[in-house]
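For the record, the sequence lines run as chains A and B. Under the UniProt record's numbering, think of the first position of the first sequence as 1, with each following residue one higher. Under the UniProt record's numbering, think of the first position of the second sequence as 1, with each following residue one higher.
Each hint should be verified, as a subset may be incorrect.
As the list claims (entries may be wrong) - When the alpha-carbon atoms are kept at most 20 Å apart in a straight line, the in silico SDA-like pairs for lysine to any residue are as follows:
{"no.": "1", "chain 1": "A", "residue 1": "K362", "chain 2": "A", "residue 2": "S343"}
{"no.": "2", "chain 1": "B", "residue 1": "K445", "chain 2": "A", "residue 2": "I183"}
{"no.": "3", "chain 1": "B", "residue 1": "K128", "chain 2": "B", "residue 2": "N108"}
{"no.": "4", "chain 1": "B", "residue 1": "K442", "chain 2": "A", "residue 2": "P453"}
As the list claims (entries may be wrong) - Quick partial rundown of chain A residues pointing at chain B, CB under 10 Å, derived from the structure:
{"no.": "5", "residue": "Y172"}
{"no.": "6", "residue": "G211"}
{"no.": "7", "residue": "V347"}
{"no.": "8", "residue": "E365"}
What the hints assert, rightly or not - Derived contacts from chain A toward chain B, CB cut-off under 8 Å, selection only:
{"no.": "9", "residue": "A161"}
{"no.": "10", "residue": "D182"}
{"no.": "11", "residue": "S194"}
{"no.": "12", "residue": "L317"}
{"no.": "13", "residue": "D320"}
{"no.": "14", "residue": "G416"}
Derived by calculation from the structure, the hints in this document are not laboratory data. For every residue, glycine included, the Cβ atom is placed at its ideal position computed from N, Cα and C.
2 protein chains.
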Amino acid sequence: MSKYEPVSAEVVAALQTALGAEYVRTDAETLEKYKTDEETDPRYHHLPEVVVWPGSTEEVAAVMKIANQYNVPVTPRSAGTSVSCGAIPVYGGIVLLLERMDKIEELNTEGMYMVVEAGARTVEIQEKANAAGFLYAGDPCSADSCLIGGNIATNAGGNKAVRYGTTRDQVYAIEAVTPTGDIVNVGARLKKKSTGYCLEQLIMGSEGTLGIITKATLKLLPLCPYKLDLLAIFTDLDKAVGLVPNLIKAGLNPTSVEFMDNAFVRSSSDYCELKLPHYEDGFYVIVTVETFNEDELESKMEQLDEICSASGATDVLEADDRVWKLRRNCLESTRVLSLVSTSDDLVVPVDQIANCIRHLTKVAENYSFKLFTLAHAGDGNLHFQILKGEMSDEQWEDEVSRFHAEAYPYVYSLGGRLSGEHGIGAKKVEAMEKYTEPVEMKMMKEIKRALDPKNILNPGKVFNA
Amino acid sequence: MSKYEPVSAEVVAALQTALGAEYVRTDAETLEKYKTDEETDPRYHHLPEVVVWPGSTEEVAAVMKIANQYNVPVTPRSAGTSVSCGAIPVYGGIVLLLERMDKIEELNTEGMYMVVEAGARTVEIQEKANAAGFLYAGDPCSADSCLIGGNIATNAGGNKAVRYGTTRDQVYAIEAVTPTGDIVNVGARLKKKSTGYCLEQLIMGSEGTLGIITKATLKLLPLCPYKLDLLAIFTDLDKAVGLVPNLIKAGLNPTSVEFMDNAFVRSSSDYCELKLPHYEDGFYVIVTVETFNEDELESKMEQLDEICSASGATDVLEADDRVWKLRRNCLESTRVLSLVSTSDDLVVPVDQIANCIRHLTKVAENYSFKLFTLAHAGDGNLHFQILKGEMSDEQWEDEVSRFHAEAYPYVYSLGGRLSGEHGIGAKKVEAMEKYTEPVEMKMMKEIKRALDPKNILNPGKVFNA
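With the rest of the complex left out, here is chain A:
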């Protein structure tokens, strides 16, 4: 069915000439390794035909020129932490790894920016910024293992997005290789710009379909020296999530607002052997506030306490490491309960998150699976963990797809979208085609065709180009 050519010996030879033989591999073990990312369901796996490790932007460009010449698809891959099959080579061809390009090239304290290669680890960027007294505000939950290029390509979200926005808000400029193999620099280290099209925001978040990001200039922010973590416990779902707009309206500017439903409170408490108040009936909301001076922290602490109480919190505690331990172990804790599960990533307007959680929790009662809910509540981003438990494969597939068929249109009816931070990847392409407005979809496809006429770069992702 593929309109692509197979990776011939000639293609491999051309890649070897461009990159050096040791950075071009076709052995079975390597191909096997790169048939998937975090996706465990073998139905989604696809073997690449060759895996390459370019060492420079010029070499990435050379790979794209070869791919265009021989009509072979290219799937760029960062750390492979995608949970939406974003790094799977669905049409085979070339998997292109950025991990050799891992340098942090510059940290400029005067200009408050860093220049990093796409393969630099996010955690190292964060640590290097902190050591210099600055904050790099991108903070996906996979920060320890993921690479910055993938963060930018998927517009990764994470823990600090309430205050600082998502990855696309942390980037001044990118260097990218276009689908046809040119090198381009878009964006600029500027706070303002009305000089042509905003190509940087178009390429960022396009999940590697409009360009391979090879380098980025990242924003650094002043580091807040004062920090407070608070745990507000509610015994009522509505009140728990109703806290969010009250925090925002008060101008508290929280860094994060994390929500755990009681199912997760119980499972994670059991897993961690750690009981905090209202284990039996509590919904937990963790709020982090950071400030530049102690007085400000003090006054925000008081304000926060008042708002939590006024919002109907049963208990308000200063959150210590134990709370974050519960939060961090949520997903792990469900693996004890069910070997197979699926996680979903939906986003709705912040003021609709209570409605959304309540409604979908109720909808889920008509199904046999168990639904656990986590939310980056401060930015309207929901993660459902759906447990298969003991049900058959057929029932599981049927139930999950029927649940999605109820949940997705509902999320859209609230003004929401299919993905808040994980991306569409290959996994949600059908849903994307189904729920996106036809004119919007047409524009996306026209742009893709204009920039990648042979559909060489990361085909089968985001939509069917």
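Using the hints, position chain B against chain A.
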């Protein structure tokens, strides 16, 4: 030379059928009126062939369909406050006015957003938000007269961009009519989104070349009740502009940081008949800080005072209305000195603004004109006012173009760009073509061609499509 067809009687009839006869005008007086925007130099003026006032998004779409059918160019026009010939119909054809679509459709306090039509006045949006206890943070200097559609199309900057960003940062979603006459909704009222291409940021700032914005969902922010304006006076240019990075690094998060050079201090003081300290030798920096509580304001005031002194300020005064009067009357004050002048809008990285002002001030000494400098210093945005004085037309043209030929490459060498907030319009197209990286320019043109194959929408703007 034009590849377009003239606006025939048939085209006018089709427009009249679509909009009603009273909203389609071809009389000489109307055409004369819309041959220019704020541009006073007749060499840039172009008469339209017909002017239309659609009353709805559907009517805007109908105009675009007719224009495509008959191969007639369309120039959308907001309030016509462009200073870069952005609203001039350089190829004749249709001028399309959005001013009938002026409704503020919704202000939602729970969701903290407003839905407005493109023709709503920016000042009315600001006032309505304030009255409800919120801030709409877009604040171009022309806010009293401009319309929101034009702000979004040009990504207008203004006074609050240091803290809140430019117009594109204030917008959740837009409704637009595509160059081929479809209606599309892009973006969403979400804090996070990894669901397809970021088309909203592509259309915003494209100066009406990729779509006519007809409606927008704007972000509202909590309104800061406490505010402080400070005037820091320096007798040294370097020190004056060196204040900016110190403010940013300290986490003071100022709302605005405005710089006036001594030429402007003098001319505006003379014009306003108002003398503040160091009239003879002072560089003025006005800093505005806003907070949510009094203690925070107090502590920031102290911090600000310290930073100004440590940065070498000669005087630090609380700024009253007189200071803002001087700032507001800068441009007016130069009209007394020279009937003809030209203003420029350049942007550089914030930490380069001192270098840039110093260097270009020095460069200007080799010319006969006088150069006055204003800056939205907190975001690296410079406005030069160049006075013609008594020189001949030939000398004036020659000097300005030679100065630009020195200034523009220098600004690019600092990582800057041609426009921080005014846009490229028709006036800077040649410079845009000259200074933009070829691959970036190629991508812009490919996208334009993909979305507007007949180049119907606002041709001759941003670049030569």
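Consistency of the hints with the structure:
1. As the CA atoms of A:K362 and A:S343 are separated by approximately 18 Å, the hinted pair is consistent with the 20 Å bound.
2. For the hint pairing B:K445 with A:I183, the CA-to-CA distance comes to about 16 Å; that is within 20 Å, so the pair holds.
3. Proximity of B:K128 to B:N108 is assessed by CA-CA distance (about 11 Å); at most 20 Å being required, the pair is judged to hold.
4. Distance check on the hinted pair: B:K442 and A:P453 sit about 14 Å apart at the alpha-carbon level, within 20 Å; holds.
5. With 10 Å as the threshold, the beta carbon of A:Y172 comes within range of chain B, its nearest partner Cβ sitting at about 9 Å, so the hint holds.
6. Residue-level restraint check for A:G211 holds (minimum Cβ-Cβ distance to chain B is 9 Å; threshold 10 Å).
7. The beta carbon of A:V347 is positioned within 10 Å of a beta carbon in chain B (closest approach about 5 Å), and the interface hint is therefore held.
8. Interface restraint check for A:E365: the shortest CB-CB distance to chain B comes to about 27 Å, outside 10 Å, so the restraint is violated.
9. Hint status for A:A161: holds, given a least beta-carbon distance of 6 Å to chain B, under 8 Å.
10. With a cut of 8 Å, the hint placing A:D182 at the interface with chain B holds, because the nearest CB-to-CB distance is about 5 Å.
11. Proximity of A:S194 to chain B holds as hinted, the smallest CB-CB distance being about 5 Å (cut-off 8 Å).
12. Against a cut-off of 8 Å between C-beta atoms, the interface hint on A:L317 is violated, since the closest Cβ of chain B lies about 24 Å away.
13. At about 26 Å, the closest approach between the beta carbon of A:D320 and any beta carbon in chain B exceeds 8 Å, and the interface hint on this residue is violated.
14. For A:G416, the interface hint holds, the least distance from its beta-carbon to any beta-carbon of chain B being 7 Å, beneath 8 Å.
Against the hints set out earlier in the document, violations occur for numbers 8, 12 and 13.
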